[in-house]
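*Asks:* Take these sequences, add in the hints, and give me the full structure.
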Amino acid sequence: MPLDDLPGRLLVPRRDEERDRIRRDYELRKRTGGGAPVDTGPGTEVWIEASVLADTLQHLHADAVTIANGVTRATATGDALVAWARRMGTDKLPAIGAGGAVIVRTSAGGARIFEGDELKIGGLRYRALAGRIYLDGEQVPVGGRDTGPGTNQEPGAVGQWSATRPGLFPSAIVAEQADGTGLTGGSDVESDEDLRARLDDLAANPPASGNDAEYRALAQRTLGLAVQQAFTYDAIKGPGTIGVVFTLRPAQPGGNRIPSAPQLAELAPAIIGSMPGNDGVLVGAIAANPIDVALRISWSRNVPGWQDASPWPTYQFPAMTQVKTGTTPTATAFRLTGCASTPPVGTTVAFFDKPSGVFRAKKFLTVTSLGFGEFDITCDVSNGASDTLYVPYPTQPLCPWSDSLAAIATPVLAYFDTLGPGEQVDPPFFDPGIRQRRMPPNPSEWPSSVTNRVIAKLFPLPAVGDVTLQLPSVPYEAPTGSPGALSYLTTLKTLVAFPQ
Amino acid sequence: MPAGSFGAGVGPAGADPSPVSAPTTARPTRALRYDLATRRFVEDGTGAFVDVHPVDQKVAFLLGTEQGSLPSTPTLGQRYRARVNGVDPKQIPAVVTDETRLALAALLAAGDIDLLDVQTDARVRGRVLIAVTYVNLRDPDRTRKTMQTQA
Chain A
14 MPLDDLPGRL LVPRRDEERD RIRRDYELRK RTGGGAPVDT GPGTEVWIEA
64 SVLADTLQHL HADAVTIANG VTRATATGDA LVAWARRMGT DKLPAIGAGG
114 AVIVRTSAGG ARIFEGDELK IGGLRYRALA GRIYLDGEQV PVGGRDTGPG
164 TNQEPGAVGQ WSATRPGLFP SAIVAEQADG TGLTGGSDVE SDEDLRARLD
214 DLAANPPASG NDAEYRALAQ RTLGLAVQQA FTYDAIKGPG TIGVVFTLRP
264 AQPGGNRIPS APQLAELAPA IIGSMPGNDG VLVGAIAANP IDVALRISWS
314 RNVPGWQDAS PWPTYQFPAM TQVKTGTTPT ATAFRLTGCA STPPVGTTVA
364 FFDKPSGVFR AKKFLTVTSL GFGEFDITCD VSNGASDTLY VPYPTQPLCP
414 WSDSLAAIAT PVLAYFDTLG PGEQVDPPFF DPGIRQRRMP PNPSEWPSSV
464 TNRVIAKLFP LPAVGDVTLQ LPSVPYEAPT GSPGALSYLT TLKTLVAFPQ
Chain B
9 MPAGSFGAGV GPAGADPSPV SAPTTARPTR ALRYDLATRR FVEDGTGAFV
59 DVHPVDQKVA FLLGTEQGSL PSTPTLGQRY RARVNGVDPK QIPAVVTDET
109 RLALAALLAA GDIDLLDVQT DARVRGRVLI AVTYVNLRDP DRTRKTMQTQ
159 A
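Here the protein sequences line up with chains A and B, keeping their order. Numbering (the numbering used here) for the first sequence: 14 to 513. Numbering (the numbering used here) for the second sequence: 9 to 159.
FYI, nobody ran anything at the bench for these hints, they're computed from the structure. Idealized CB from N, CA, C, for every residue including glycine. All clues stand as given, with none of them false.
Under 8 Å between C-beta atoms, here's a sample of chain A residues computed to sit facing chain B:
hint	residue
1	Thr57
2	Ile61
3	Ser64
4	Asp68
Derived, one-sided and incomplete: chain A residues facing chain B with beta-carbon distance under 7 Å:
hint	residue
5	Asp52
6	Gly56
7	Val65
*Replies:* This is how it looks when you write it as structure tokens:
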């Protein structure tokens, strides 16, 4: 029946439709009265009044749509969604400051740092999370007093302690975490999309009486942590145990989602102190499982296509043309390996700059053959022909340049933000229930495997005529982690696109 | 109240029909006359709106409305004030004539009117009086009409 397939949203007339309806009504009434056809076109009194009235009615239509969207949380936004959250016993999560650790310098006997001591990095404020005597070179866990993605800091950033403590040097350096990040997890206020997903999870898996859903709910409410989603592994090390891991809200599409050691340490007491004492809670780490994504694309006819008439390199499987390992590339000179043909001088290629989420162009100025498919390349930096800042990493693959590449980066990065960590034990599981499985259930929620969905968001792009996924071979499942200790999260390492 | 106008057995008992009034001579207006001086629709002595040809009403709207002043129809009207601002007084007649042609371009192109004359008076500093004379080619009487406005 047609009624079974309604669009699920309130349809209201657009401004022009409303104006034309008023004009049509006027014309019909005039004709019904026996008059000749009347002119209601642009410039007539009817046109002007209908235009003004249509504008006035748009406010009512907008209100109607807002109210209609609030009827279900699937379409609610803004205050209506917050009202939904409060009815379900939660709230929109506030902005969070980044967390991590800093390395302190002290005199021989160490220095006492108090919990809450303030550290400033570039004007942004952080606070010490644990007070005790720290020795020279020890790491002090810190969290952002200021909030937002701007509080994220690279390793090596230098901060200054605001308070003077005996034996403590005034400066401290941001420590590098195991995943190469510094202070991470700074996040804006929870977005409507994130809140809606969390409410759906709450509704599907009601937290109660120390069940796995309650663990996840507690983890997601931990103050000071921008938890994107918590995951549990029931009975992961036997009855009475539960594994908990969580991802962070990324500061931007493709941003870091993996919690650092101090952030893991922050979560454990918040959960353990609130749950049954005889539960064995195992807060596990998440390790990145970076993969390359290779696409073949046909650009739409009305957007810039491939820069060169004969795009170079072509797609090769299994080894793509890439920066040679063991070399030290710079932004404008690097050695390529795996070249099926000689790179033409003047060719423009693209490297994906993942931290910035954009492609970088490099135009070849000189090409020197070293044999065996290897070439030394220098780039043409005149007139901005090549990017001079991004340094490709050894083994990084490259692809032909197109100005339209800019369109595909964000959707692919955003797709990887929807992935969840993989399982911690290999199948088969004990039973069809939830024991040792990751919850929320995989793959219906937060799938851990990469599938063709990675290109689903590319098809609607105006720039993309057609696209196929070459790498990875799908479905690509995240590796199995370690029970109670580690889960793997598949992340994007680099992105390349070739002509179809 | 009388017992009725009909004799017994002629009409329904008690019926008292009022006499039939004379047929009305009023007819609906084709379009309302818009007065550029008062910015109102003109009424006659009986309170009825004065009828004009729809093309004349369009001319009045176009010359009496400053473009952009009606956000719902941002392209309707003229830009006299914007264009004569800061212009050498000697150039004002040419600028006003050009802007009049632009404002009325759709009507001129459709053969609805013929523009006969554009007069300007810029003797008072900061004000330009404009008189546009045209003939409505859709109106059978083809009389010359003049609209007065100012920038």
